[in-house]
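From first to last, the protein sequence lines stand for chains U and R. Residues in the first sequence are numbered from 152 upward in steps of one, following the numbering used here. Residues in the second sequence are numbered from 472 upward in steps of one, following the numbering used here.
These are computed hints drawn from the structure, not numbers from a lab. Just so it is clear, the structure is predicted and the values come from calculations on it, not from any experiment. Even glycine gets a Cβ: it sits at the ideal position worked out from N, Cα and C. Please note that a few of the clues may not be correct.
[Claimed, not checked] DEER-style ranges, computed between Cβ atoms:
| hint | chain 1 | residue 1 | chain 2 | residue 2 | range |
| --- | --- | --- | --- | --- | --- |
| 1 | U | 496 | R | 965 | 53 to 61 Å |
| 2 | R | 1186 | U | 218 | 28 to 36 Å |
| 3 | R | 1298 | U | 536 | 39 to 47 Å |
| 4 | R | 784 | U | 529 | 27 to 35 Å |
| 5 | R | 1326 | U | 521 | 34 to 42 Å |
| 6 | U | 509 | R | 968 | 21 to 29 Å |
| 7 | U | 556 | R | 968 | 30 to 38 Å |
[What the hints assert, rightly or not] Over the 10 Å line for every Cβ pair with chain U, so calculated as not near, a few chain R residues:
| hint | residue |
| --- | --- |
| 8 | 750 |
| 9 | 752 |
| 10 | 803 |
| 11 | 898 |
| 12 | 923 |
| 13 | 987 |
| 14 | 1052 |
| 15 | 1091 |
| 16 | 1115 |
| 17 | 1129 |
| 18 | 1229 |
[Said to hold, decoys possible] Covered by chain R, per the in silico footprint, the following chain U stretches (three or more residues, Cβ under 8 Å):
| hint | segment |
| --- | --- |
| 19 | 248-256 |
| 20 | 385-395 |
| 21 | 426-438 |
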Amino acid sequence: MKKFFLSCIAITATILFVSCSSDDNDIIAVDDDPTPVNAELKGQITEDFTLTNDVIWTLDGRVTVTNGATLTIDPGTIIKANPGQEADASVLIIARNAKIEANGTASEPIIFTSTADNIELGQTAGTNLTENDRGLWGGLIVLGNARASLSGDATENQIEGIPASDSNGLYGGTNNADDSGTLNYISIRHGGTLIGEGNEINGLTLGGVGSATTVTNIEVVGNVDDGIEWFGGSVNSSNLLVWSQGDDGLDIDEAYSGTISNAAVILGDISDHGMEIDGPAGSLEGRFTLDGISLFGNTITENGEYADLRDNAMGTLRNIYAEGFKESADVELDNNGVSQNFLDGKIVFQNWVLNGADNSVFVEKVGCLENCDDDNDDNDVLEELIISNPSFTERAANWTTTGSTGGANMSVFSWTFASSKGAL
Amino acid sequence: MKNTLLVVLLFLSQFAFSQTGTVTGTVNDGEYNDVLPFANIIVKGTQTGTTSDFEGKYTLELKPGTYTLAYSFVGYQSKEITDIIISENESTAIDVTLQASAGQLDEVIITTTARKNTEAAVLSLQKNSINLMDGLSLESIKKSGASSVASAVKNVPGVSIQGGKFVYVRGLGDRYTKSILNGVDVPGLDPDRNTLQLDIFPSQILENVLVIKSATADQPADFTGGVVDIVTKDIPSREEYSLSIGASYNSDFHFKDNYLVSDKSNTDFLGFDDGTRENPLSPLQEVPLPQQNGEVVEAITQRFNPILAAQREKSLMDFKLSATAGNQYEIGDNKLGFLASLSYKNETTYFDEYVDGQIYRKDETDKSNFELLADRTQNGEVGNNNVLISGLAGLSFKTERSKYRFNVLHIQNGESEASIFRQSNFIISSNQVKKDNLIYTERAITNGLLSGKHSLGSENDWTVEWKLSPTIARIDDKDFRVTPFRVTTNSQTGEETYTIEPSESGVPSRFYRNLEEINLAGKLDIVKTHSLFGYDAKVKFGGAYTYKQRDFEVIKFSIPFLNFPSASLGGDPNLLLADENVYDPATNSGFYIRQDSNDSDSYDSEVSVAAGYLSEEFKVTNWFNAILGVRFEKFDLIYTGENQNGTQLIDATVLDKSDFFPSANLIFDLNEDGDEKIRASYARTTARPSFKEASLAEIFDPISSTTFIGNINLQPSYINNFDLRFEKYGENSDFFALSGFYKSFNDPIELSFIRRAYGQYTPLNLGDANVFGGEIEVRKNLGFIDGLQDLSFNANFSLIESQQEYSDDEREGRLDNLREGETLDDTRQLQGQSPYLINVGLNYDNEDTGWQGGLFYNTQGKTLQIVGAGDVADVYTLPFHNVKLNISKTLGENKNSTISLQFENLLDDDVESVYQSFGAEDQIYSKWNPGQEISLSYSIRF
């Protein structure tokens, strides 16, 4: 009988130890020919180096130019990045004090794309990928020593997605005239891989980049997150085109104080805002200027909006043209803080031409003060509107006209992938 | 079920053949922390008697009746215990402590009744201990109604439990408090903790739980707050079987139609997954992108379980079962005993309003704005089912001068959780998110123990004890699934649209985490009694070796999509991987599986600790007892892993430390009976970095959205501990103790935030810290008031102050975010350290009627739960006022069955943590109501 009792225990114990192993996880063969690797970029580039246009370069993982080195990229160079997410994401980082001299031409642009792209040497576009192929690799990150308005008035910060253990991810400083080199005729395609929850790499990230840097003739296509994002810094940027991004087209943060001129954003099927503009995170104030911007919306995307001004944003938005947005799309002042900046003259709107819409797209929003934590929206206590007599929408009539021309000079984008695919 | 019934019937049928009962127990040495071997035990007025064995144990077989036993030993006062009632087939336990009769010529006989003696025995171990120790006997655990070690150990002064699992002694958490099993190291069951979670040890397997608060040379050096030693059941002295069943009902949790569950496997009720949640891909499987090989991507995606949504069904109530069996056989002069225990517990919780992980920030642009600003609010529903099975089997073999023991313990735990949360973001992002989370964690720990104890030498003056204990522990997080939808509300119609937007609300993901840890522990203790200063003294020496090896691996996948209108899913997570929505290369659209793992998540580490010690326990005078000792430990940590930069370490020795740890314990008897004592002690101890901390690991936690960054340069910290305690032992188990302690920490390790990288944390050696405090404990029988002899009162209260210096980043972050008029203190309290702890209990116990009852109150002061990061305020856990009531009645002629009723959380208090900031209204970090629970259980012994 005792044996019986013991065997009961033994049997149960045995059941506990034996876990059924599934044997249906056979390997599915992936028999593609891997892209022939001509020249691979990996790890850190600590000495001056040139990428020539006679081979296709492969970007493998996190490649960082450090130690004050200059990475020169010849016109017509194609760089294909390996797939990989998070820490394995392929990104090219130009650390503080290092430089990139990427001087393409309209006929020989420098192209960053995925190894999944069938583009070949001498071509400017492959045939197998579209603007909706996103997140196939990371992106291009340039970091400098110019000022950024950071939380707690820190002078430097870690760029999102790079763990703090890698100090090459730091940006920011006190030299607004800092020089990170030249970006000219660059096309960045199919990037924006995941680097953390809700945290993808932008097509082009400019963190604390100073005014001696040249950023002009840039195209970003099919990026998961924002097209181009400025974290502070003072670099002027011109002739920018963002097409079919997953989030916002142009994104400004941390008191970026340069001028963005002649830029266009063409929303895709899942794009969010044309422009998303945040203010300083610390006490340092800096105002951007957006001058000559064209925004092209569509009615497919769920959240396609013109622009969102949030979180203490401050700057000037002039000579803006927009067309094709949904009826519900708006230009919003997010809460009382932003509205107060508008009243104080820290946010200025000038000469907006809207095609198919009028000043009613300009909306003042309010933040939630109390009972925001529960599911019930009815008991929320909200801020009061503070722009009144006339209201923000009414005042917008002063700078809004209806028409079909204005904004960016689109002819400068004829070199782009977007142009070749008929998106302009 | 049928089998269980059969077992019960067989037990019953076997009843009723023997005509005797037994009395068993241990004879303790009142002079030293030891047992008294070879003492004489005689039934008064007869020739019947026996002697205690080398472990001080004795057994006498007697016919039913009432007896007086006399205990004696040369040089000791004799003791007579009256009114010992022997019942048929019953075992009566009588432990006695004999005091030395130093200098007295006349024979002294102390007489006491059996009942008073039994109660006093609980304190005996504590009284004679050379360490500062608090013991919880199985009896007192049963009285408090605690079902696991975690809930029982709370009743010890200065002990608190965090998250229902992890023990804090004197406000010091897992880094400073060590949990061991039968005196040896076992692996922890949490990848983020050093310590063992105590809620998985059911009280059925316990002999007792010891909390040791001051170090001696024979204890490991890596504890500071305390050591919690979980001692599993010893072999019973006679044939004994028991069965118990119980059920609990919580009106908030049980029989609710909207309870949340994830998909189940057929063996979930046994505490493990049958393979349903296994990763369907081979570790060698290459996962291409759809742009590279659409057909393979489609086939891979189809392999994954498409269930991603939390489903609703009716919840069941909690129930538990346990059985034990044990016996001892005479084999010639030797004894062979066995013990087997099996227990099963199935618990279900459901919270329909669970607020967690909210984020509030200080206004960075306006320092005169004191109020905190909501950045993220998050609340939802959580359903959780927890199955715990434990099995313990042991054999012991005892000869005249040796005892061997072999134990195997297996604990199997499966926890399944499903939740739906709504999140609103205001500052860093601005959106609304709905998340379905499915979680399954399987934990298993198997521990073996082979030990021996030998009495050697012609005068039995040598005792040798050895232990060998291998343990293997596994934790598998299987197929955690998170599906976030962004929710957009149309301001005109109020209609909600659900979309999947990776850049706004995160990408749907699923991941697998495996942790496997192997521990090998060995220990040898040798004691030699000798004479010093004219008194008996003991020299104790020995060694120990512990080897631990841990593998940690994370496999992550995300579920992005191509050319697909995600709003058409209507917010149903189960549609993402529905057949028609899986990526189709022909249309180049749909959802697909993408591999997101990276090497910096995984690591493989080894630790070894080799120790040797020497100590001397002696008396200087009649009233002054001392134990002085020194321990040597050599600690090595070997790490294999890499960071995201590609820096790799293979079998690198990260730490190699050899240290001496001196300790001194002094005991002053204030009177001859030894019932008033002053204890003073000093010890040097250490706290070492965990596997994960001293590494290159860079681990993103999708649940808290934070990144952990290992610190390969981390050093152990060293602590000087000072203790002073006054104790008074009285009649009827009355007890009073007043203690004070001071601990100074050299370079303590704490997880610190990195100011320049939001949401990233790394362990650092911070500036020095101090902890000091006092404890008061009172146990008093209320018999001094007429008619209240059956009532006793116990209370303990601890007051603890800790001072921790800031890291540079933390100080700057705090200074930058001071409000107008706010100043920054030089130090703050330690994370997880409660400023006070209160336990109060009233017990009723009437042996004649069999009624027992207890009313208990327990709380702890406001505790720093999360150290604020710059503009995010500190989070404090608010006191939870727990009042519980137990009532039980012993039934049957032989008092062999008990029925008990228990009520939890009589005050219906909430569990709540809040953000607190200078001049600001508190804002909720997390809040839920654990409900009120009523439990009924029945147990029977044969």
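With 30 to 38 Å as the target window, see if residue 556 (chain U) and residue 968 (chain R) comply at their CB atoms.
-> This hint holds: roughly 33 Å between Cβ atoms.
Between the segment 426-438 of chain U and chain R, see if three or more residues pass the 8 Å beta-carbon test, and mark the coverage as holds or violated.
-> holds (count 4)
Taking C-beta pairs only, is residue 923 (chain R) more than 10 Å away from all of chain U?
-> Holds, since 23 Å exceeds 10 Å.
Return holds or violated for the Cβ distance of residue 1298 (chain R) and residue 536 (chain U) against the range 39 to 47 Å.
-> Hint holds: Cβ distance 46 Å, inside 39 to 47 Å.
Range agreement (Cβ of residue 521 (chain U) with Cβ of residue 1326 (chain R), hint 34 to 42 Å) | Given about 40 Å between the Cβ atoms, the range holds.
Note whether the CB distance of residue 1186 (chain R) and residue 218 (chain U) lies within 28 to 36 Å or breaks it.
-> holds, 30 Å
10 Å Cβ clearance of residue 1115 (chain R) from chain U | violated, 4 Å
Over 10 Å to the closest beta carbon of chain U is the bar; see if residue 1129 (chain R) clears it.
-> At roughly 29 Å from the nearest Cβ of chain U, residue 1129 (chain R) sits farther out than 10 Å, so the non-interface label holds.
For the segment 248-256 of chain U, do at least 3 residues have a Cβ located nearer than 8 Å to some Cβ of chain R?
-> With 0 residues in contact (Cβ-Cβ under 8 Å with chain R), the coverage given for the segment 248-256 of chain U is violated.
Between residue 784 (chain R) and residue 529 (chain U), is the Cβ distance one that fits in 27 to 35 Å?
-> holds, 30 Å
Could you let me know if the closest chain U CB is still more than 10 Å away from the CB of residue 752 (chain R)?
-> Label violated. Min Cβ-Cβ 6 Å, cutoff 10 Å.
Given as non-interface: residue 803 (chain R), which should sit over 10 Å from chain U by C-beta = holds, 21 Å
The structure is inconsistent with the numbered hints 1, 8, 9, 11, 16, 18, 19, 20, although it conforms to all the rest.
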